[in-house]
Amino acid sequence: MEHFRKVPAVVRASKVQVLNRVRWLWEDLPDGYDSFWFLDIYLAVAAVRFVPKNVRQQAGWYLYQTMALYQMIIGLLDMIYALQNLTDVLAAIWYTMSFFAILLCLVKHYIVLRHYEAIHELRIFLNQQSFCSGDPAFDGKIRKRSYTVCQLLIMTVLCVIVLQQISIWIPTSQRDRTFSIPPWMSSYCGVFFSFILQILYFGTFTVIWVSKLFSCTVVASILIIRVKTEQEILAKNFELMMQTCLEENFFGSYQNSNRARKQFWDHTKNHLKTVLDQQHELLKHLEQLKSLVEPLFFFIYYASLIIVGTVFVVILREPLSFMTMVILSSTTISALECYCLCYLLDSFKNVNETITDNMFCFCSQLPHSGDHHADYVDVRATLMVVGYFCRHGMSFQCAGIGDISSAVFADLVNISYSVLTFLLNVL
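Quick note on numbering: the numbering used here labels position 264 of the sequence shown as 264, and the sequence is numbered without any gaps.
It is worth saying that the hints were derived from the structure and are not from the lab.
For every residue, glycine included, the Cβ atom is placed at its ideal position computed from N, Cα and C.
No false leads were slipped in.
Listed below are the simulated DSS-like cross-link pairs for lysine-lysine, each with C-alpha atoms no more than 27 Å apart in a straight line:
1) K273 - K228
2) K349 - K144
3) K290 - K144
4) K228 - K269
5) K284 - K269
6) K228 - K349
7) K273 - K262
8) K273 - K284
9) K284 - K349
10) K273 - K349
11) K290 - K228
12) K141 - K273
13) K144 - K284
14) K228 - K141
15) K284 - K141
16) K349 - K141
17) K284 - K228
18) K290 - K273
19) K349 - K290
20) K144 - K228
Label-pair distances were calculated between CB atoms; the ranges are:
21) V426 - L76: 23 to 31 Å
22) V426 - V162: 35 to 43 Å
23) N54 - T244: 51 to 59 Å
24) W184 - Y302: 32 to 40 Å
Let's have the full structure, built from the sequences with the hints guiding it.
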């Protein structure tokens, strides 16, 4: 009886915890909580990073991995059978692209695990919120905005995954064809067991593989957004420093007072040292971010060149159905991965441009006097070198492409359209 009395209390405590988690999606977190908690939930759904804490979680974890392995094996067998029996060219193309997408999921999974230590260090740095612009209201506002955007990004991806999985459950002839069991296996297992094997194939396919497909992009996008926020705080810090150093009626007192000149250069160098130390720390973490983003973009870009145009050929040759919409949405979102990274990196470059412009503007307004010529040259040279590096040394690049920008996505669309028109003329 005592055990049953405790059940309502446990249920109420669990309900409060769930409601708190939901509220934290858009409200500020309590002190001491990891702001990446929702990302951890997504990575657990994608089975990218999860440590079972008890026997039930461990059993669920092994079941999840077994289902993923089974679905990958069926995808491989479908592709082999379709390529050996080229009676249906479109089916052969679809099964090949489907298994290629599974391999791409595993590559992205590996990229996250390969760079997990760097990701963990970045998370610690971002959770510390050690940067301060001198305007607490600005810092709090911009950090809350980036936190909300990150939560909405994860929530959107999860909603897409759930909707796609529900759509796959709707019985259609195209679904049975897309997630079919190889005929030789069906003849060997019989009708009933073939039906069970097919349900196991498509029953959790989207939850397992689409979540893996977007896992690395979600991690990279969130880190870019959060690092860009710290960069904006740094830009605001430098802007306020420039306004303080070059405040109104400054030049008159500078020219007429030796003490004012000394105070100016001491204040400028001390403040500049603080800003540059923060910039140096940010650059160190930016290198870690580049090591994650650049190989990810390489695989996303070149995989999209192969997949987008090819899969659209299959879609255009098939009758419209829920399954067609699932395939179309998955392919479109895969292409939008490339656009998302291009857009975020472009916005990151814009912040760097703002810092560079402020530094060059500060250089042009530095006062000069003979007794502080060395200080003038030292500060001016420092600003010009750091400003040049911010503009040209903080770019993200991809092999065979160069700098990653929105123009790269435009090239991707043009090439994919060329592939589509070529295949439509050939097939």
